[in-house]
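Build out the structure end to end from the sequences listed, making use of the hints.
Protein chains in written order, with the working numbering: chain A, 1 to 320; chain B, 1 to 221.
Any given hint might turn out to be false.
Partner residues aside, some chain A positions facing chain B, computed with beta carbon under 8 Å [what the hints assert, rightly or not]:
id	residue
1	S89
2	Y176
3	L185
4	T187
5	S190
6	N254
7	Q258
8	V260
Calculated pairs, BS3-like style, for lysine-lysine (alpha carbon to alpha carbon, straight line, at most 30 Å) [as the list claims (entries may be wrong)]:
id	chain 1	residue 1	chain 2	residue 2
9	B	K212	A	K82
10	A	K195	B	K178
11	A	K82	B	K219
12	A	K56	A	K69
13	A	K120	B	K178
14	A	K56	B	K217
Worth flagging that the hints you see were computed from the coordinates, not collected in a lab.
These numbers were taken from a predicted model, which means no experiment stands behind them.
For each residue, glycine too, the CB sits at the ideal point set by N, CA and C.
Take a look at the letters that make up each chain.
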Amino acid sequence: MKVLVVSRSGREVVRGGLEFSDAATVAHLQETIYRKTKKFYPSRQRLTLPVQPGSKEKPIILSGKKSIKDYADGNNLTVVFKDLGPQVSYRTLFFFEYLGPLLIYPIFYFFPVYQYFGYKDKHEKFPVQTYAMYYWCFHYFKRILETFFVHRFSHATSPIANVFRNCAYYWTFGAYIAYHVNHPLYTPVSDLQMKIGFAFGLLCQASNFYCHILLKNLRSPDGSGGYQIPRGFLFNIVTCANYTTEIYQWLGFNIATQTVAGYVFLVVAASIMTDWALGKHRRLKKVNLQLSSVLSLFRVWHVNHIDKCTYAQSSWRTSC
Amino acid sequence: MANPLSTLKRIYFSVYNWALFYGWAQVLYLAVKTIKESGIEHVYDAVEKPLFLSQTAAILEIAHSLIGLVRSPVSATVPQIASRLFLVWGILYNIPEVRTSVLVSSLVISWSITEVIRYSFFGMKELLGITPSFLTWLRYSSFLVLYPSGISSEVGVIYLALPYIKSSELFCVRMPNKWNFTFDSFYFSLLALAIYVPGSPHMYTYMLGQRKRALSKSKRE
Chain A
1 MKVLVVSRSG REVVRGGLEF SDAATVAHLQ ETIYRKTKKF YPSRQRLTLP
51 VQPGSKEKPI ILSGKKSIKD YADGNNLTVV FKDLGPQVSY RTLFFFEYLG
101 PLLIYPIFYF FPVYQYFGYK DKHEKFPVQT YAMYYWCFHY FKRILETFFV
151 HRFSHATSPI ANVFRNCAYY WTFGAYIAYH VNHPLYTPVS DLQMKIGFAF
201 GLLCQASNFY CHILLKNLRS PDGSGGYQIP RGFLFNIVTC ANYTTEIYQW
251 LGFNIATQTV AGYVFLVVAA SIMTDWALGK HRRLKKVNLQ LSSVLSLFRV
301 WHVNHIDKCT YAQSSWRTSC
Chain B
1 MANPLSTLKR IYFSVYNWAL FYGWAQVLYL AVKTIKESGI EHVYDAVEKP
51 LFLSQTAAIL EIAHSLIGLV RSPVSATVPQ IASRLFLVWG ILYNIPEVRT
101 SVLVSSLVIS WSITEVIRYS FFGMKELLGI TPSFLTWLRY SSFLVLYPSG
151 ISSEVGVIYL ALPYIKSSEL FCVRMPNKWN FTFDSFYFSL LALAIYVPGS
201 PHMYTYMLGQ RKRALSKSKR E
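See below:
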């Protein structure tokens, strides 16, 4: 089997092409390209089948687990190579995104920072400010633990630019909220409202954790399993119950702490997650149509034999 | 053959683009005339009314992008319009001390030349169905100079206004209040300046990409 590797401008990325046995997988092809080019490790490579020039179709991305033979035309295959740029593992990305809020928020709580903003620091804190700090830190600590012990990522990496973008988002909002909740001139809500807010928030965090467990069980430990329709618990009502519980969890925090900063964050986070959920829902509907003739998403639990899907570029996204 | 909805769209856009062309042409004319006759310190006063009208009307462009009436992504229209409105209504309207600066002239002239070209380009396309190649070239090339000059002027004007923003405490909201809300115009302006750092290359490279597509397309036609 002969494989030609070309760039999108037609230039040969590996001069002379490559030879493989019939049983060779795409992953093996990627390893070989890496060995030959020395620069492009597999997670940086996007390999697609060529499309007709001018065609509006999205190119088909080769899946690492399939064999080269599945994509070949007879004994030949041409793949189009795209460099995705330096990549960082999702675990690394999430760790640094979440570390920021975890460390920044307590700085506003424990240290006399407000003097630098021209305020006299107050040492006494309202109970809600203390609970808020623990709630917030628990939340991000939970996220970090989930990143390392729960989530199963199908696509292992993300472009390095996302590190800057995502950290800017989390760290800035973290500081923005922490500044307001821990402010010496902070006005707390009623005791009852605080309790309702935190209780509801904790309930949603627990539900969110359970959603993550259910999602994890859809995939094997190496991340294979692609897109499957989650079933049970709140997934019988909404497609992305993990996002739903996350949004409501932030609502609980805001009911308890009542800052415009917190609500702004809630609105932004909810819109981002809604955008993701709509995409996920669309993708899962396609999966559902492909595998069975059952259409309604509310009858998801009737679909019995969901085959393993192989969407090579699927990316796992957790909450905001 | 043309369905009523697309005809309506075309009429709407013809009116919109030519009306704004007229507004910005006025700004440009008055700016140049004032510089020649009275001097740069008077430029703002001369262009104020048509500037307010023309720039504020551009809010519609965000709506056009959101509804999908135009192809431009929201990510390109919002920063552009936000920075313009911030300059016009945030800074120039509230801080009279900066109005006499030469940067206001460079600002207003950069904007108005860009807009005169842009709106006449789209106006021709909508009303007459033609895209004259010279105008196309202008529309996709003038930004190469006018973006840097316009952006530098915007940054300069904001920077000049900073001490006045700080001392005037305009629009500032302080704690304590029920919603634990604060707003500080000075820090907000600093944030606006900071956004120019990633924002300007983003807008410039977006236009470079648009230029490549548009000019190669017109070469093939």
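Structure-based check of all given hints:
1. Checking A/S89 against chain B: minimum C-beta separation of about 24 Å lies over 8 Å; hint violated.
2. Annotation: A/Y176 was flagged as interfacial toward chain B, and the flag is violated, the nearest CB pair being 10 Å apart, outside 8 Å.
3. Interface restraint check for A/L185: the shortest CB-CB distance to chain B comes to about 4 Å, inside 8 Å, so the restraint holds.
4. With a cut of 8 Å, the hint placing A/T187 at the interface with chain B holds, because the nearest CB-to-CB distance is about 5 Å.
5. A least Cβ separation of about 12 Å between A/S190 and chain B goes past the 8 Å threshold, and the interface hint is therefore violated.
6. The interface hint given for A/N254 is violated, since its Cβ lies 11 Å from the closest Cβ of chain B, which is over the 8 Å cut-off.
7. The beta carbon of A/Q258 is positioned within 8 Å of a beta carbon in chain B (closest approach about 6 Å), and the interface hint is therefore held.
8. Interface restraint check: A/V260 against chain B, minimum CB-CB distance 4 Å, threshold 8 Å, status holds.
9. Only pairs whose Cα atoms come within 30 Å are accepted, and B/K212 paired with A/K82 is accepted, the gap being roughly 20 Å.
10. At roughly 18 Å between alpha-carbon atoms, A/K195 and B/K178 fall within 30 Å of each other, so this suggested pair holds.
11. Note on A/K82 and B/K219: the hinted pairing holds, with a Cα-Cα distance of about 27 Å set against a maximum of 30 Å.
12. Pair hint A/K56 plus A/K69 holds up; C-alpha atoms about 26 Å apart against a cutoff of 30 Å.
13. For the proposed pair A/K120 and B/K178, the alpha carbon gap of about 20 Å is at most 30 Å, so the pair holds.
14. Note on A/K56 and B/K217: the hinted pairing holds, with a Cα-Cα distance of about 16 Å set against a maximum of 30 Å.
Violated hints, in rising order: 1, 2, 5, 6; the structure is consistent with all others.
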